[in-house]
Amino acid sequence: MPSDRLLVRAALRLREVFLARAVQEIEQALLDRLANYQRALERARASLRQAAAEGWPAAPPLVRRNLSGVLNAVRDAVQQTSQQLKQPAPPLPDLRGLLEEFRQLDDEFGALQVNFKKKALSVTTEPIELEGIYLGPFAIHLSWPRLARDATIACFEIVAQDSNPAATNDAVTHPHVSDGVLCAGDATVPIQRALEQGRVADAFCLVRSVLTHYNPNSPYVSLDEWGGQDCYECGRGVN
Amino acid sequence: MRILYVNNDGGGFADYIDTAEGTTVAQLFAQRLPGRQPEDYLIRVNRLPATAGQVLQEGDRLTITPVKIEGAQIASVTS
Chain W
85 MPSDRLLVRA
95 ALRLREVFLA
105 RAVQEIEQAL
115 LDRLANYQRA
125 LERARASLRQ
135 AAAEGWPAAP
145 PLVRRNLSGV
155 LNAVRDAVQQ
165 TSQQLKQPAP
175 PLPDLRGLLE
185 EFRQLDDEFG
195 ALQVNFKKKA
205 LSVTTEPIEL
215 EGIYLGPFAI
225 HLSWPRLARD
235 ATIACFEIVA
245 QDSNPAATND
255 AVTHPHVSDG
265 VLCAGDATVP
275 IQRALEQGRV
285 ADAFCLVRSV
295 LTHYNPNSPY
305 VSLDEWGGQD
315 CYECGRGVN
Chain F
78 MRILYVNNDG
88 GGFADYIDTA
98 EGTTVAQLFA
108 QRLPGRQPED
118 YLIRVNRLPA
128 TAGQVLQEGD
138 RLTITPVKIE
148 GAQIASVTS
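Chains as they are written, first to last, in this note's numbering: chain W, 85 to 323; chain F, 78 to 156.
Next comes chain W alone, as it looks inside the complex (with noise of 0.2 Å):
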C-alpha cells in the first residue's frame, strides 16, 4: 500500500474533485434556469427592433411585455438558486471518509496504486477466466479528471495485464470490455452513485463484479468466439 504521506496527498486531490462537482452542479443549475431569460431576451431584442423600425414614440406594450418577461426571467433564475443554496448540500467525502475509502480498496484488491502523473488510482483483479477462457487479471484505473467531469463509467479505464484478447477484435480484451472501456450493464447506475457519493470502493468493487461474470446475451465478442470461427472445410480456427 502506499505510504501514509502519498495517501493523504491523493484524498486531498480527490476531495478537491467533489467540491469542483458540487460547485459545477449548482453552476449548472442556474445556468439552466437561466436558458429561460436567453429566450426572453431574445423575443425583448426582437420586438425593440420592430418598434425602432415603425418609429415608435413611446414604448409600445408588446415591448413593455417582453421586457418584464426578462426581467422576470432573471428574478426567477436568482430566486430558485438562492433557495437551493439554502438546502443542505449533500454531504461531500471528507479526508478521513476518502483514506477509508483507500484503505478498503487495498484490502479488496491486495495493491492500491496512486499515479499523480496519471492522475489515477488504481488497482488490479486475481485473474479472471470465464467459461474456460483465460482472460487474466485486469488493471482497474480511476481518472479523477475524468471523475471531475462525469461521474461514470466513463470515469474507469480496464487494462488487461496478460491479455488474450479475442481472435475477431483485439481491442475486445474481456467480453464487455472494448478499446479499454467497460460496458457496465446492470452496474451502470450503481456506479454511478457510488462515485457521486465519494464512495469510491465500492465503485471498484462494482466493476470487478461486471468483469468476474459473462452476460451471453450482450457482449462485444461472445465466448462462444472467442479464439475466432472453426473452418467449415478443415475444423480449423480462423480470424
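These are calculated hints, taken from the structure and not from any lab test.
It is possible that some hints are incorrect.
Claimed, not checked - Computed spacing ranges between beta-carbons, pair by pair:
1. W:Val273 <-> F:Tyr93: 19 to 27 Å
2. W:Val158 <-> F:Glu135: 43 to 51 Å
3. W:Tyr218 <-> F:Thr101: 35 to 43 Å
Unchecked claim - Sample of chain W residues facing chain F (criterion: CB under 7 Å; computed from the structure):
4. His260
5. Ala268
6. Gly269
7. Asp270
8. Ala271
9. Val273
10. Pro274
11. Gln281
12. Cys289
13. His297
14. Ser302
Said to hold, decoys possible - Pulled from the structure, derived: some chain W residues nowhere near chain F, Cβ distances all over 10 Å:
15. Arg93
16. Val107
17. Tyr121
18. Ala136
19. Gly194
20. Lys203
21. Gly216
Heads up, the beta-carbon is just placed ideally off N, CA and C, and yes, glycines get one too.
Let chain W serve as the given structure and place chain F on it in line with the hints.
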C-alpha cells in the same frame, strides 16, 4: 438503532436506517433482500468482512454489493 445501509444492487441505495437492537447481519440481509443468497454478495461491516451472526451496532456501516453483475455491449444498452 441507526446504521448506514448501502445496497449496491439494482439502482443503489445509501442512507441511514433504523433497525432493532441485536439485529445480526444475516437478519438484516434477509429483511432487505428477501429470497437472495448472501453468498452472491460482498457483505462488509465498517469496510471489513462480516460474519452472518455478527450483531450490528449503533452507527455501523453495512455495505452489500453483488459479486456478479451483467455487463452489456453499449449498442444493445442504447437500443
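Indicate whether the distance between the beta carbons of W:Tyr218 and F:Thr101 respects the range 35 to 43 Å.
-> 39 Å, holds
Taking the least C-beta to C-beta distance, is W:His260 closer than 7 Å to chain F?
-> 3 Å, holds
Interface hint compliance - W:Gln281 to chain F, C-beta minimum distance less than 7 Å = With Cβ-Cβ at 6 Å, under 7 Å, it holds.
Compute the least Cβ-Cβ separation between W:Lys203 and chain F, then decide whether it is above 10 Å.
-> Per Cβ check, W:Lys203 is outside 10 Å of chain F; nearest 24 Å; holds.
Least C-beta distance between W:Tyr121 and chain F, which was stated to exceed 10 Å | 33 Å, holds
Would the hint on W:Ser302 stand, with a C-beta cut-off of 7 Å toward chain F?
-> Nearest chain F Cβ about 4 Å off; hint holds.
So, W:His297 near chain F? Judge it on the closest CB pair being under 7 Å.
-> 4 Å, holds
Decide, holds or violated, for the assertion that all CB atoms of chain F are farther than 10 Å from the CB of W:Gly216.
-> 17 Å, holds
With d taken as the least Cβ-Cβ distance between W:Ala136 and chain F, does d exceed 10 Å?
-> Holds, since 49 Å exceeds 10 Å.
Taking C-beta pairs only, is W:Gly194 more than 10 Å away from all of chain F?
-> Answer for W:Gly194: holds, closest chain F Cβ roughly 14 Å.
Does W:Asp270 meet its interface restraint, that is, does its C-beta lie within less than 7 Å of any C-beta in chain F?
-> 5 Å, holds
Going by Cβ atoms only, is W:Ala268 closer than 7 Å to chain F?
-> At about 6 Å, which falls below the 7 Å cut-off, the nearest Cβ of chain F leaves the hint on W:Ala268 intact, so it holds.
The structure meets every hint from the earlier list without exception.
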